[in-house]
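Spelled out, the chains give:
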Amino acid sequence: MSPGTERRLYWTIAIASPLAILALWYVGTAHGFATPVILPSPGTVIGAFVDILRNGYSGGSFLSHLWASVQRILVAYSVAVVLGIVLGLLRGRYRLVDAVFLVPAEVLRPIPPLGIIPLLILWFGIGELSKMLVIFLSVFLIVMLNTQAGVRSVRPDSIRAALSLGASPFQVFRYVIFPSALPHIMTGLRIGIGTGLTILVAAELLGGDRGLGFIILDASNFFRTKDVFVGIVLIGLLGLACDRGLQWISRRLVHWDGKP
Amino acid sequence: MHRYGSPVPILTANRLCFRYQDQPVLSDASFSLEAGEFVCLLGPSGCGKTTLLNLIAGFLMPSDGELAFEGRPITGPGPDRAVVFQSGALFDWMTVEENIAFNLTCRKRPLAERREMGTRMARLVGLQGFERHYPYQLSGGMKQRVGVARVLAAGPRIMLMDEPFAAVDVQTRETLQEELLRIHAATGCTIVFVTHSIEEAVFLADRILVLPSQKGTDWKEHRVDLPAPRWAAENRLHPSFVAMRETIYRELRKGLADVPGH
Numbered sequence: 510m511s512p513g514t515e516r517r518l519y520w521t522i523a524i525a526s527p528l529a530i531l532a533l534w535y536v537g538t539a540h541g542f543a544t545p546v547i548l549p550s551p552g553t554v555i556g557a558f559v560d561i562l563r564n565g566y567s568g569g570s571f572l573s574h575l576w577a578s579v580q581r582i583l584v585a586y587s588v589a590v591v592l593g594i595v596l597g598l599l600r601g602r603y604r605l606v607d608a609v610f611l612v613p614a615e616v617l618r619p620i621p622p623l624g625i626i627p628l629l630i631l632w633f634g635i636g637e638l639s640k641m642l643v644i645f646l647s648v649f650l651i652v653m654l655n656t657q658a659g660v661r662s663v664r665p666d667s668i669r670a671a672l673s674l675g676a677s678p679f680q681v682f683r684y685v686i687f688p689s690a691l692p693h694i695m696t697g698l699r700i701g702i703g704t705g706l707t708i709l710v711a712a713e714l715l716g717g718d719r720g721l722g723f724i725i726l727d728a729s730n731f732f733r734t735k736d737v738f739v740g741i742v743l744i745g746l747l748g749l750a751c752d753r754g755l756q757w758i759s760r761r762l763v764h765w766d767g768k769p
Numbered sequence: 028m029h030r031y032g033s034p035v036p037i038l039t040a041n042r043l044c045f046r047y048q049d050q051p052v053l054s055d056a057s058f059s060l061e062a063g064e065f066v067c068l069l070g071p072s073g074c075g076k077t078t079l080l081n082l083i084a085g086f087l088m089p090s091d092g093e094l095a096f097e098g099r100p101i102t103g104p105g106p107d108r109a110v111v112f113q114s115g116a117l118f119d120w121m122t123v124e125e126n127i128a129f130n131l132t133c134r135k136r137p138l139a140e141r142r143e144m145g146t147r148m149a150r151l152v153g154l155q156g157f158e159r160h161y162p163y164q165l166s167g168g169m170k171q172r173v174g175v176a177r178v179l180a181a182g183p184r185i186m187l188m189d190e191p192f193a194a195v196d197v198q199t200r201e202t203l204q205e206e207l208l209r210i211h212a213a214t215g216c217t218i219v220f221v222t223h224s225i226e227e228a229v230f231l232a233d234r235i236l237v238l239p240s241q242k243g244t245d246w247k248e249h250r251v252d253l254p255a256p257r258w259a260a261e262n263r264l265h266p267s268f269v270a271m272r273e274t275i276y277r278e279l280r281k282g283l284a285d286v287p288g289h
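Protein chains in written order, with the numbering used here: chain A, 510 to 769; chain B, 28 to 289.
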């Protein structure tokens with residue numbers, strides 16, 4: 510099979526597979542295998558989406574719900590990424606910095622973030638801070654760990670070469686250690702956005718009156734399953750867009766990765 | 028061609044020792060290098076020749092004895108003793124010209140100057156037209172050319188080379204050897220070249236230091252006498268070349284024969 514043919518086949522299947530699921534869903538609901546409360550038809554869900562787009566949901570416009578979610582993840586994720594990269598670089602490079610964070614980070618890491626939410630609510634209430642903190646915490650740990658692994662993967666010869674060519678310790682960091690760690694860092698960012706979105710929805714299920722997670726919870730309380738689906742699909746698409754975006758950036762930023 | 032008469036050594040080692048976890052890796056090395064000399068460090072694996080190179084580079088510190096560069100003890104790595112690595116150790120995220128101009132980047136030289144250096148050095152090592160390529164777009168031999176250009180751009184007093192051509196194919200290796208000799212003649216740079224290949228050492232060096240394969244045996248030294256220009260491929264067939272290769276081969280085999288089990 511020529512590379513062109515294989516590529517075309519790959520994309521044909523990649524597009525056909527979700528269409529097949531959609532078709533199965535359509536046929537199933539059209540023949541009344543499930544009541545709309547259990548499984549609304551695709552058409553009903555699209556109708557519900559258009560309705561939310563036009564008239565909003567529960568007193569808030571569609572954009573206000575979307576923006577509430579995006580804002581939470583944007584703030585928490587950005588802070589987590591910056592801190593995670595900085596601390597990961599330092600932990601990977603300096604053993605004593607690693608010693609400071611080793612036990613706290615390792616104790617915190619296996620705790621499911623949802624287990625920490627009640628504590629955060631107790632301390633900070635059910636406002637924005639608690640939601641952002643729980644997202645921040647899980648993304649931060651992921652990014653820090655991946656960055657640290659990236660620093661550890663730096664080839665010793667690269668560092669020696671830089672020193673031998675006259676680089677200062679800071680220049681070694683900037684020109685050698687950081688770019689060497691970049692492929693791992695980008696992996697951390699991609700895993701981090703996925704986890705971040707998961708935690709976002711979970712955090713929004715706990716309270717508040719804006720956000721995609723809120724739509725899901727509120728709609729399910731009133732058996733408006735079509736609106737539940739709207740929320741679920743939107744979060745899925747948001748995650749897909751973020752991941753593809755990061756992958757696109759990653760391919761251009763770390764163009765040398767995976768090449769001999 | 029070279030100024031063997033120059034009385035001031037650029038580098039001196041006096042009873043130099045290096046131990047790793049109490050095991051002697053290098054014992055009692057005493058020698059000196061003259062400015063402009065091309066010296067090969069030759070010996071079997073594990074004889075400490077790379078360790079000696081790393082001591083000169085400043086990556087390692089002597090356990091005992093003295094190692095002085097231009098009269099002062101070596102305290103760390105620096106561009107006056109820049110290294111070409113066997114692995115290349117190129118910066119994959121930088122273009123060829125950025126790799127070459129790395130020392131200038133560290134010295135915060137302006138972009139125009141770095142570009143100019145990149146172009147000039149790329150031409151010197153036969154890589155004109157590849158300035159904007161990335162290392163992963165180059166062959167093994169071309170990568171080593173970048174490694175050499177990157178070191179030359181740093182303006183070293185000694186260029187240290189750690190088996191730089193060991194991983195490339197024979198034809199490429201011979202071309203690289205010949206070009207290295209041209210560069211040596213053109214720049215007058217002192218070169219310390221580590222190799223385990225007798226042929227390579229005899230073809231390249233003005234002087235060969237043969238490291239002892241085990242402690243207790245002696246260092247040997249050979250001065251190579253081949254006609255100029257040294258980069259002439261015919262030198263590989265010259266009677267002096269053949270004779271010296273045999274001498275060193277016998278010497279090394281005798282050293283090996285003393286080891287139990289060989």
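Bear in mind the hints are in silico, worked out from the structure with no lab data behind them.
Incorrect hints may have been included.
Straight line, CA to CA, 25 Å or less: simulated SDA-like cross-link-like pairs of lysine to any residue [said to hold, decoys possible]: (1) A:LYS768 - B:ILE275; (2) A:LYS768 - B:TYR163; (3) A:LYS768 - B:THR78; (4) B:LYS247 - B:ASP91; (5) B:LYS135 - A:LEU755; (6) B:LYS135 - A:LYS768; (7) A:LYS768 - B:GLU226; (8) A:LYS768 - B:PHE268; (9) B:LYS135 - A:ALA539; (10) A:LYS768 - A:PRO545; (11) B:LYS247 - A:ARG683; (12) B:LYS135 - A:ASP666; (13) B:LYS281 - B:ALA260; (14) B:LYS247 - A:PHE679; (15) A:LYS768 - B:LYS247; (16) B:LYS281 - B:LYS135; (17) B:LYS135 - A:SER511; (18) A:LYS768 - B:ARG234; (19) B:LYS247 - B:ILE275; (20) A:LYS768 - B:GLN155; (21) A:LYS768 - A:LEU755; (22) B:LYS247 - B:GLU226; (23) A:LYS768 - B:SER166; (24) B:LYS247 - B:THR78; (25) A:LYS768 - A:PRO665; (26) A:LYS768 - B:GLY168; (27) B:LYS247 - B:PHE268.
Only a predicted model underlies this, so the values are computations on that prediction, with no experimental measurement involved.
Each hint tested on the structure:
1. A:LYS768 - B:ILE275: Roughly 40 Å between the alpha carbons, so the hint for LYS768 of chain A and ILE275 of chain B is violated.
2. A:LYS768 - B:TYR163: Roughly 6 Å between the alpha carbons, so the hint for LYS768 of chain A and TYR163 of chain B holds.
3. A:LYS768 - B:THR78: Measuring from Cα to Cα gives roughly 30 Å; hence the hint is violated.
4. B:LYS247 - B:ASP91: holds, 21 Å
5. B:LYS135 - A:LEU755: violated, 32 Å
6. B:LYS135 - A:LYS768: violated, 30 Å
7. A:LYS768 - B:GLU226: Distance of about 33 Å is beyond 25 Å: violated.
8. A:LYS768 - B:PHE268: Violated, at roughly 40 Å.
9. B:LYS135 - A:ALA539: Violated: LYS135 of chain B and ALA539 of chain A sit about 70 Å apart, past 25 Å.
10. A:LYS768 - A:PRO545: With Cα atoms ~51 Å apart, LYS768 of chain A and PRO545 of chain A exceed 25 Å; violated.
11. B:LYS247 - A:ARG683: With Cα atoms ~44 Å apart, LYS247 of chain B and ARG683 of chain A exceed 25 Å; violated.
12. B:LYS135 - A:ASP666: At roughly 23 Å apart (the allowed maximum being 25 Å), ASP666 of chain A and LYS135 of chain B satisfy the hint.
13. B:LYS281 - B:ALA260: With Cα atoms ~30 Å apart, LYS281 of chain B and ALA260 of chain B exceed 25 Å; violated.
14. B:LYS247 - A:PHE679: violated, 42 Å
15. A:LYS768 - B:LYS247: violated, 43 Å
16. B:LYS281 - B:LYS135: With a Cα-Cα distance of about 52 Å, the restraint between LYS281 of chain B and LYS135 of chain B is violated, given a limit of 25 Å.
17. B:LYS135 - A:SER511: Answer violated: LYS135 of chain B to SER511 of chain A is near 49 Å, above 25 Å.
18. A:LYS768 - B:ARG234: Given pair LYS768 of chain A, ARG234 of chain B is violated - Cα atoms ~39 Å apart, limit 25 Å.
19. B:LYS247 - B:ILE275: Answer holds: LYS247 of chain B to ILE275 of chain B is near 9 Å, not above 25 Å.
20. A:LYS768 - B:GLN155: With Cα atoms ~23 Å apart, LYS768 of chain A and GLN155 of chain B stay inside 25 Å; holds.
21. A:LYS768 - A:LEU755: Judged against 25 Å, a Cα distance of about 20 Å means the pair holds.
22. B:LYS247 - B:GLU226: holds, 16 Å
23. A:LYS768 - B:SER166: holds, 12 Å
24. B:LYS247 - B:THR78: Since the Cα atoms of LYS247 of chain B and THR78 of chain B sit roughly 18 Å apart, the hinted pair holds (cutoff 25 Å).
25. A:LYS768 - A:PRO665: This hinted pair holds, its Cα atoms lying about 19 Å apart.
26. A:LYS768 - B:GLY168: holds, 17 Å
27. B:LYS247 - B:PHE268: holds, 17 Å
Figure legend: structure checked against the earlier numbered hints; hints not met, in rising order: 1, 3, 5, 6, 7, 8, 9, 10, 11, 13, 14, 15, 16, 17, 18.
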